[in-house]
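Asker: Sequence:
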Amino acid sequence: MPVLSLSARERMLRVMRGEPLDRVPIRLWGIDRPGPAPRLEWQPLHDLAERYQLDMLPSWWDPHARQNVEIVTEERDAADPEWYEQLTTYKTPAGDITRVYVLSRLDKPGYIKKHLIETVEDARRWLSIPEPDLPNPAGFQPFLDALGDRALGMCGLSEAMYTVNDATGSELWGYWLYDERELLHEMVAKAHAHDMKVIQHLLAHGVGPVFGWVGPELCIPPLASPADFTDFCTRYDKPLIDEIHNAGGLVWVHCHGDMHPVLELFVEMGVDCLNPIEPPPIGHLTLADAKRRVAGRMTLEGGIEVGDFELCTAAEIAETTTRLIEQGKPGGRFILCPSSSHTHWPDMAPHIAENYRVFVETAVALAEY
Numbered sequence: 001m002p003v004l005s006l007s008a009r010e011r012m013l014r015v016m017r018g019e020p021l022d023r024v025p026i027r028l029w030g031i032d033r034p035g036p037a038p039r040l041e042w043q044p045l046h047d048l049a050e051r052y053q054l055d056m057l058p059s060w061w062d063p064h065a066r067q068n069v070e071i072v073t074e075e076r077d078a079a080d081p082e083w084y085e086q087l088t089t090y091k092t093p094a095g096d097i098t099r100v101y102v103l104s105r106l107d108k109p110g111y112i113k114k115h116l117i118e119t120v121e122d123a124r125r126w127l128s129i130p131e132p133d134l135p136n137p138a139g140f141q142p143f144l145d146a147l148g149d150r151a152l153g154m155c156g157l158s159e160a161m162y163t164v165n166d167a168t169g170s171e172l173w174g175y176w177l178y179d180e181r182e183l184l185h186e187m188v189a190k191a192h193a194h195d196m197k198v199i200q201h202l203l204a205h206g207v208g209p210v211f212g213w214v215g216p217e218l219c220i221p222p223l224a225s226p227a228d229f230t231d232f233c234t235r236y237d238k239p240l241i242d243e244i245h246n247a248g249g250l251v252w253v254h255c256h257g258d259m260h261p262v263l264e265l266f267v268e269m270g271v272d273c274l275n276p277i278e279p280p281p282i283g284h285l286t287l288a289d290a291k292r293r294v295a296g297r298m299t300l301e302g303g304i305e306v307g308d309f310e311l312c313t314a315a316e317i318a319e320t321t322t323r324l325i326e327q328g329k330p331g332g333r334f335i336l337c338p339s340s341s342h343t344h345w346p347d348m349a350p351h352i353a354e355n356y357r358v359f360v361e362t363a364v365a366l367a368e369y
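1 is the number of the first residue of the sequence shown in the numbering used here; add one for each residue after it.
Watch out, some of these pointers could steer you wrong.
As the list claims (entries may be wrong) - Here are the in silico distance ranges between beta carbons for each label pair: (1) Gly296 x His344: 29 to 37 Å; (2) Glu361 x Glu131: 43 to 51 Å; (3) Ser128 x Asp179: 16 to 24 Å; (4) Val102 x Leu13: 38 to 46 Å; (5) Glu75 x Pro330: 47 to 55 Å; (6) His344 x Asn136: 29 to 37 Å; (7) Gly296 x Lys113: 41 to 49 Å; (8) Thr322 x Gln67: 42 to 50 Å; (9) Ser225 x Ile71: 32 to 40 Å.
Please keep in mind that the hints were generated in silico from the structure rather than gathered at the bench.
Keep in mind that this is a model prediction, so the values were computed, not measured.
The beta carbon of each residue, even a glycine, is placed where N, CA and C say it ideally should be.
Model the full assembly from the supplied sequences, consistent with the hints where possible.
Answerer: Next up, the structure:
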C-alpha cells in the first residue's frame with residue numbers, strides 16, 4: 001500500500017481547495033466515523049475504511065434547536081398490520097397542518113402518505129410559524145476533537161428550497177412552479193432568511209471551515225427547468241455561499257440526478273465540491289465530460305453508481321474503478337465515492353461486500369500522485 005503523507009482531514013481540505021495531494025481521496029458514502037459498524041453485515045466495509053485509511057466527511061448539526069411551534073406526534077395502526085402511521089401536527093398560529101408518514105414494523109423503508117402542505121391555506125399556516133431558535137454551536141468543537149485528523153468534520157445546514165419542497169412534496173412543488181410561483185418564493189425567502197442568520201451565527205462562533213447541504217436535486221430537470229434552478233437555488237443559495245467564502249470557509253453540496261443541464265450553474269454559484277457525479281444512464285455526463293466542463297473550478301465527488309455494487313461483477317467494478325481514476329485523477333479536484341450509502345442493504349449480500357473490496361483495492365493501487 002502506498003505511504004500516505006497527508007491525513008484524511010488535510011487531504012479532504014486540500015482537494016476542496018484545489019491544492020496538491022498525495023493520492024486521490026477515496027470515500028465510502030455512509031462510513032464517516034472510525035469504529036465498528038452498526039450492523040455486522042457492514043463490518044467488512046468499515047474494515048476496508050480503516051485498513052486503507054479511506055477519507056471521511058462526517059456532518060454535525062444541533063439536533064436540539066427549538067422549532068417555536070407546538071408539535072404533536074401520535075401513532076395509529078394502518079390497514080396492513082405490518083405497517084403503522086405516524087401523524088405529526090404543527091399547531092401554527094393560523095391553524096393546524098399535519099404530515100402522515102407510514103412506517104414498517106419490519107424495518108422496511110417508510111414513505112410519506114400526506115405532506116405537511118397540500119393547499120394554499122396550508123402554506124399560509126406554515127408561513128405563520130415563528131422563526132426557529134438559532135443552533136447552539138457548543139457541540140461543534142467536541143465533534144471535531146473526537147475526529148482528530150482521521151476525518152474532515154463538516155457543519156450540516158438546511159437549504160431553503162429543499163425545506164419548502166420537503167413540506168409540499170415534489171408533485172405539488174412542480175404544479176406550484178406554474179400556479180403559485182410567488183407563494184413559493186415567499187416560503188423559500190422565509191426559510192432563506194433563517195438560514196442566513198444560522199450561518200452568520202455559526203461563523204461568529206468559530207464553526208467551520210466546511211459547510212454542506214442537500215436538496216438542489218429537487219429543482220433540476222426533469223421536474224424543474226434550469227431557469228427554475230436559478231430562480232429557487234442560485235438566487236437564495238449564492239448569498240449563503242458568499243457569506244461562508246468571505247469567512248474563509250468551503251461549501252459541499254449533495255445533488256443527485258443529471259448534472260448535464262445545471263453543472264455550470266453550481267460553478268457560478270460558488271460551490272467548492274459537488275457530490276455525487278452520477279454516470280449514465282442516471283446522468284448524461286461521464287466523469288471525463290464533467291471534469292472538462294468544470295475545468296478545475298470545482299471539486300467533483302462521486303463517479304460510481306451505488307447499485308453497481310449489487311448488479312455488476314467484480315471484474316466490471318475493477319474496470320469501472322480504473323476508468324474513473326484515469327479520468328478523475330489528472331488535475332486533482334476529484335474524490336472517488338459511490339453515489340449513495342451501503343446502508344440501504346440492511347442484509348448486505350457477500351458479493352456486494354466483495355465488490356466494495358475490489359473497488360477500494362483497485363482505487364488505492366492507482367490513486368497515488
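Asker: Please go over all the hints and tell whether each is borne out by the structure.
Answerer: Going down the list of hints, with the structure as the test:
1. Gly296 x His344: 29 to 37 Å: For His344 against Gly296, whose Cβ atoms are near 33 Å apart, the range 29 to 37 Å holds.
2. Glu361 x Glu131: 43 to 51 Å: holds (50 Å)
3. Ser128 x Asp179: 16 to 24 Å: holds (21 Å)
4. Val102 x Leu13: 38 to 46 Å: holds (41 Å)
5. Glu75 x Pro330: 47 to 55 Å: With Cβ atoms ~54 Å apart, the hint holds.
6. His344 x Asn136: 29 to 37 Å: About 31 Å separates the Cβ atoms of His344 and Asn136, which means 29 to 37 Å holds.
7. Gly296 x Lys113: 41 to 49 Å: With a Cβ separation near 46 Å, Gly296 and Lys113 satisfy 41 to 49 Å, so the hint holds.
8. Thr322 x Gln67: 42 to 50 Å: holds (49 Å)
9. Ser225 x Ile71: 32 to 40 Å: Because 35 Å falls inside the window, the suggested range holds.
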